[in-house]
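> Listed below, chain by chain, are the residues.
There are 4 protein chains.
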Amino acid sequence: MQIAFLGLGTMGLPMATNLIKAGYPVRAWNRSPSPVSRLVELGAHGAASPAEAAQGADVLITMLADDAATRDTVIDGKVLDTLGKGAIHINMGTVSVALARELATLHAARGVAYVAAPVLGRVNVAEAGQLNILAAGHAQALSTVQPLFDVLGQKTWVFGDKPEQANAVKLGVNFMIGAAIGAMSEGAALAQGYDVDPAAFLDLVTATVFAAPVYKIYGGAIAENRFEPAGFKLALGGKDVRLAMEAGELANVPMTLASTLRDAHTEAIAHGDGQKDWAALALTAQRRAGRG
Amino acid sequence: MQIAFLGLGTMGLPMATNLIKAGYPVRAWNRSPSPVSRLVELGAHGAASPAEAAQGADVLITMLADDAATRDTVIDGKVLDTLGKGAIHINMGTVSVALARELATLHAARGVAYVAAPVLGRVNVAEAGQLNILAAGHAQALSTVQPLFDVLGQKTWVFGDKPEQANAVKLGVNFMIGAAIGAMSEGAALAQGYDVDPAAFLDLVTATVFAAPVYKIYGGAIAENRFEPAGFKLALGGKDVRLAMEAGELANVPMTLASTLRDAHTEAIAHGDGQKDWAALALTAQRRAGRG
Amino acid sequence: MQIAFLGLGTMGLPMATNLIKAGYPVRAWNRSPSPVSRLVELGAHGAASPAEAAQGADVLITMLADDAATRDTVIDGKVLDTLGKGAIHINMGTVSVALARELATLHAARGVAYVAAPVLGRVNVAEAGQLNILAAGHAQALSTVQPLFDVLGQKTWVFGDKPEQANAVKLGVNFMIGAAIGAMSEGAALAQGYDVDPAAFLDLVTATVFAAPVYKIYGGAIAENRFEPAGFKLALGGKDVRLAMEAGELANVPMTLASTLRDAHTEAIAHGDGQKDWAALALTAQRRAGRG
Amino acid sequence: MQIAFLGLGTMGLPMATNLIKAGYPVRAWNRSPSPVSRLVELGAHGAASPAEAAQGADVLITMLADDAATRDTVIDGKVLDTLGKGAIHINMGTVSVALARELATLHAARGVAYVAAPVLGRVNVAEAGQLNILAAGHAQALSTVQPLFDVLGQKTWVFGDKPEQANAVKLGVNFMIGAAIGAMSEGAALAQGYDVDPAAFLDLVTATVFAAPVYKIYGGAIAENRFEPAGFKLALGGKDVRLAMEAGELANVPMTLASTLRDAHTEAIAHGDGQKDWAALALTAQRRAGRG
Numbered sequence: 001m002q003i004a005f006l007g008l009g010t011m012g013l014p015m016a017t018n019l020i021k022a023g024y025p026v027r028a029w030n031r032s033p034s035p036v037s038r039l040v041e042l043g044a045h046g047a048a049s050p051a052e053a054a055q056g057a058d059v060l061i062t063m064l065a066d067d068a069a070t071r072d073t074v075i076d077g078k079v080l081d082t083l084g085k086g087a088i089h090i091n092m093g094t095v096s097v098a099l100a101r102e103l104a105t106l107h108a109a110r111g112v113a114y115v116a117a118p119v120l121g122r123v124n125v126a127e128a129g130q131l132n133i134l135a136a137g138h139a140q141a142l143s144t145v146q147p148l149f150d151v152l153g154q155k156t157w158v159f160g161d162k163p164e165q166a167n168a169v170k171l172g173v174n175f176m177i178g179a180a181i182g183a184m185s186e187g188a189a190l191a192q193g194y195d196v197d198p199a200a201f202l203d204l205v206t207a208t209v210f211a212a213p214v215y216k217i218y219g220g221a222i223a224e225n226r227f228e229p230a231g232f233k234l235a236l237g238g239k240d241v242r243l244a245m246e247a248g249e250l251a252n253v254p255m256t257l258a259s260t261l262r263d264a265h266t267e268a269i270a271h272g273d274g275q276k277d278w279a280a281l282a283l284t285a286q287r288r289a290g291r292g
Numbered sequence: 001m002q003i004a005f006l007g008l009g010t011m012g013l014p015m016a017t018n019l020i021k022a023g024y025p026v027r028a029w030n031r032s033p034s035p036v037s038r039l040v041e042l043g044a045h046g047a048a049s050p051a052e053a054a055q056g057a058d059v060l061i062t063m064l065a066d067d068a069a070t071r072d073t074v075i076d077g078k079v080l081d082t083l084g085k086g087a088i089h090i091n092m093g094t095v096s097v098a099l100a101r102e103l104a105t106l107h108a109a110r111g112v113a114y115v116a117a118p119v120l121g122r123v124n125v126a127e128a129g130q131l132n133i134l135a136a137g138h139a140q141a142l143s144t145v146q147p148l149f150d151v152l153g154q155k156t157w158v159f160g161d162k163p164e165q166a167n168a169v170k171l172g173v174n175f176m177i178g179a180a181i182g183a184m185s186e187g188a189a190l191a192q193g194y195d196v197d198p199a200a201f202l203d204l205v206t207a208t209v210f211a212a213p214v215y216k217i218y219g220g221a222i223a224e225n226r227f228e229p230a231g232f233k234l235a236l237g238g239k240d241v242r243l244a245m246e247a248g249e250l251a252n253v254p255m256t257l258a259s260t261l262r263d264a265h266t267e268a269i270a271h272g273d274g275q276k277d278w279a280a281l282a283l284t285a286q287r288r289a290g291r292g
Numbered sequence: 001m002q003i004a005f006l007g008l009g010t011m012g013l014p015m016a017t018n019l020i021k022a023g024y025p026v027r028a029w030n031r032s033p034s035p036v037s038r039l040v041e042l043g044a045h046g047a048a049s050p051a052e053a054a055q056g057a058d059v060l061i062t063m064l065a066d067d068a069a070t071r072d073t074v075i076d077g078k079v080l081d082t083l084g085k086g087a088i089h090i091n092m093g094t095v096s097v098a099l100a101r102e103l104a105t106l107h108a109a110r111g112v113a114y115v116a117a118p119v120l121g122r123v124n125v126a127e128a129g130q131l132n133i134l135a136a137g138h139a140q141a142l143s144t145v146q147p148l149f150d151v152l153g154q155k156t157w158v159f160g161d162k163p164e165q166a167n168a169v170k171l172g173v174n175f176m177i178g179a180a181i182g183a184m185s186e187g188a189a190l191a192q193g194y195d196v197d198p199a200a201f202l203d204l205v206t207a208t209v210f211a212a213p214v215y216k217i218y219g220g221a222i223a224e225n226r227f228e229p230a231g232f233k234l235a236l237g238g239k240d241v242r243l244a245m246e247a248g249e250l251a252n253v254p255m256t257l258a259s260t261l262r263d264a265h266t267e268a269i270a271h272g273d274g275q276k277d278w279a280a281l282a283l284t285a286q287r288r289a290g291r292g
Numbered sequence: 001m002q003i004a005f006l007g008l009g010t011m012g013l014p015m016a017t018n019l020i021k022a023g024y025p026v027r028a029w030n031r032s033p034s035p036v037s038r039l040v041e042l043g044a045h046g047a048a049s050p051a052e053a054a055q056g057a058d059v060l061i062t063m064l065a066d067d068a069a070t071r072d073t074v075i076d077g078k079v080l081d082t083l084g085k086g087a088i089h090i091n092m093g094t095v096s097v098a099l100a101r102e103l104a105t106l107h108a109a110r111g112v113a114y115v116a117a118p119v120l121g122r123v124n125v126a127e128a129g130q131l132n133i134l135a136a137g138h139a140q141a142l143s144t145v146q147p148l149f150d151v152l153g154q155k156t157w158v159f160g161d162k163p164e165q166a167n168a169v170k171l172g173v174n175f176m177i178g179a180a181i182g183a184m185s186e187g188a189a190l191a192q193g194y195d196v197d198p199a200a201f202l203d204l205v206t207a208t209v210f211a212a213p214v215y216k217i218y219g220g221a222i223a224e225n226r227f228e229p230a231g232f233k234l235a236l237g238g239k240d241v242r243l244a245m246e247a248g249e250l251a252n253v254p255m256t257l258a259s260t261l262r263d264a265h266t267e268a269i270a271h272g273d274g275q276k277d278w279a280a281l282a283l284t285a286q287r288r289a290g291r292g
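Going down the list, the protein sequences come from chains Z, G, W and D.
The working numbering applies: residue 1 is where the first sequence begins, and numbers increase by one.
The working numbering applies: residue 1 is where the second sequence begins, and numbers increase by one.
The working numbering applies: residue 1 is where the third sequence begins, and numbers increase by one.
The working numbering applies: residue 1 is where the fourth sequence begins, and numbers increase by one.
Okay, chain Z solo, but in the shape it has when bound:
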């Protein structure tokens, strides 16, 4: 099973590495060449363009930054024209439902199966092959690529036969993460308004009711005012909240908390916090209360 892998960023590189280690032949491409070299050392073939990587592939995996990068690479990069009939494209990036729909149509017109499989998990989870994989697409294609998912993740969650379903789920999860950060931010600001150390408030909630990783990670950053370097940039979080809201709109699902959160992200970006960690949303809650 010949694999083409496009997008070797923070997540893509360890994922491709695991496939190579599992014995799959991989032809890899990345916008900047350095991660390609690292994969070549492990036995991958490097490709000079997306289309070259895709040539003759049975399975194409893309793990690109956003809609624009995916569009540039897959549509404008002629990848779709290169894939043969019967090939399978697994898009593991976080993209909009609208793009998922567009890609599903384009692939169907060319006889290429299109599977959406965005993931949950950070770099270390990707390295350990322990991602949670959120998948949707035709059952047969999903079945064919399951061995690859087994290499990359600890569990595959299948949400339906339309790829956009997996994207909607992924955006729903990321919206919920944003809501958790936003709620911690406002809760901490409330505590601060009563001269309670926000760190004491966050210690309490992350040790008791909200003893989940996502609260501990972002709550810890808020408690320590530690927003750089960014683990996950606020601007990217804001983008996902917006994509969730737009996904809601396409399906006529009002998402009032997403709307409220989005305004907070826009305000944060207006104040120069977009490149800080997502936890920096707390600064907006403080600013609104006349602090900071």
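Errors might be hidden in some of the hints.
Identical chains share a label here; the pair holds if one copy fits it or two copies do between them.
[To be verified] Derived lysine-lysine pairs resembling BS3-like cross-links, with alpha carbons at most 30 Å apart:
1) 78 / 239
2) 233 / 216
3) 216 / 155
4) 239 / 21
5) 239 / 216
6) 155 / 78
7) 276 / 78
In short, the hints are calculated from the structure, not lab data.
Please arrange chains G, W and D on chain Z, whose structure you already have, making use of the hints.
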């Protein structure tokens, strides 16, 4: 150390029970007499009125339903006039910051120490004496009653010397629970908008990113459309969200997510869901999307 | 028809003056004595206390600042105990629906008719006896006091036989004014975000689609950054928006725009804009966009 | 001055008609042919395609429904490739700021001047040549086409030399109209919650504080529950609110009222009200309160 205990509801009864079992003399009162009888069997003295219970007490503990019940019992019930100078009143109920301020002033005028100590934990946690106790008040009073807290809880978190600080923290936590339920509700509605079973979405999030009890409890109820009998009523949750918002207002802290959530609670109550479980907030998200 | 008039502020003074000029015997009281002296010069009797003013009155008119002043004066000031059976109390101030309900009950218990009659119009309109009077209460009482309304206003709008109905309407109107100011603020901030002079934007809208006084008055202030002295203070506007929201809650009517506006007012107050003109809400919209 | 006019809908047809009557040679195109025939009777030349209409034109005017129609016609329809250097394109439709930017770049690359000139006013205003024209673009191009604006409108408001500035202003105005409708909807729902006839509430506000056409038109429709046929469709209003929000996002201007309104529009569409008049937003406020 003579203890008066007012309010033997779901939480108050096991708390008072634990104090009796720990050997403290307890004089107890409750609006309805039946839980008093049960405590008397365990060795408590029953009282016919709040003031009778408070007579001669070193420590008064109140665990009443809300602001109105607390006001009726403590102020209108002449309890405050009964307590001797040097007594300590521990208010363990969830009340507004405004009432906490008012009570602090009234107590100070009578030479009675006033401690706020709302708790985190449900009935079974109270029974096990494993509550988390959120405390604020004068250091000496807190120190005096710490042995009681050690009987009732696993840990005492002290947030300052003004009682209202503990109330602000408690309301901040309850607001965050409301935000978690609200975010699950909208996330599940988004999934549903794409023909993904909401239960599948909630299974995913509560097994991965949000593997915390509060998500599992409410997420499970949403997944199963199981809103009756209510574990914690939606109307009470909505009240706490409102109290958090009002606490924010008093301290000039805008709480935009609380405002958004409050509207959803009002809408839920308008549609007859106030007496259902807090998880029934999900019905409002579905209704807004034209379902249900 | 003996009239007692309590509350001679900006609005109350010209209103009482008009009643005297129309030949009604008026006994007047005000917290600070100076406006009483001015009325006495016109022929009123001055009173040293609310109860003294109310003694023997056929009609009591109150025009007090807010709930607290109304409560202090009418309930704590023993006015209600002083009024004889068959007297009519016209409350022309802007108070909460909750207080309106409480007062209606208290009056009924004493055999005093209670009419709510808040007004629309600023000082100059009050001086000219051209107010719009929003009235609710028992039909017979309304009919009895109509001649007074005819002195004070250009038109009486009757909304029902429960006093709270007029308060709900008044709060609804004030909410709409807040919404208009808020919308201008955000529209102007949007224009400014594109380097369009906010004044040019506001000139356009107030000359075309929104050629109504309320837009011109507040829009003009925003365009000129002229927020002091305050025509109507932002903090008071914020209070009315909150009262509208609370009125909504009591009737299970979610008011999402009111909630959103209220957060903006809280934020404005946190930044020291509470004593500026209501138009200063625009500063919050600018601040959120990283300006000012 | 040879004019090409693309888009002869409700607004475009009377506008083109006025230009012909003023003596300008017009070559017209429309997706459906019937309005072209009507213009030909008045002396216009009909064109079978957008490009044919644009051939040799000094000034191209487009008045198309939305971004998609504008993109289809101007970019995909090869109009831009047809226009000669030195030609001027006046886009009088309501499009997004993002499209305005994209078009400005595309036109500049081809040496064609691009002017944005969306309008305020309904059909009868267009027929009377009394539109308000919101213009932005290079000063020289604006000066050249001013005689055309003088035919079409009563006044030209110039907002800057970047076309997107006029679009931002237009979207800001439409957002404000949406806010006015939304505020009336919630105010009327509040009144209704107190058994006050919404029509009585709306009579009051549109006769007093909000005596402006936009309130009277939409308020009248709400008062009479008259939502069909649609004067301006709710779905289109919702689209403009969304475009205003997106314009805000591009410039880092949070628009919290727009976000709140957008959720209401999504909800309205989910309940089948998208094709009704914009005033039908009131139905969502009622539904949220458990009515209707």
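> With reference to the structure, classify each hint as holding or not holding.
To see whether the hints hold, each was checked on the structure:
Taking identical chains as interchangeable, the C-alpha atoms of residue 78 and residue 239 lie at most 30 Å apart only when both belong to the same chain, with a minimum of 26 Å there against 33 Å between chains. Proximity of residue 233 and residue 216 under a CA criterion of 30 Å is satisfied in both settings, with 17 Å inside one chain copy and 28 Å between copies. Taking CA atoms no more than 30 Å apart as the test, residue 216 paired with residue 155 passes in both settings, with 23 Å inside one copy and 19 Å between copies. Taking the closest pair of Cα atoms, residue 239 and residue 21 never come within 30 Å of each other, the shortest separation being 33 Å inside a single copy and 50 Å across copies.
When the C-alpha separation of residue 239 and residue 216 is checked against a cutoff of 30 Å, the pair qualifies both within a copy, at 22 Å, and between copies, at 27 Å. With identical chains, the CA atoms of residue 155 and residue 78 are never at most 30 Å apart, being 32 Å at best within one copy and 50 Å at best between copies. For a Cα distance limit of 30 Å, the shortest separation of residue 276 from residue 78 qualifies neither inside one copy, at 35 Å, nor across copies, at 43 Å.
Hint compliance for this structure: hints 4, 6 and 7 are not met, and every other hint is.
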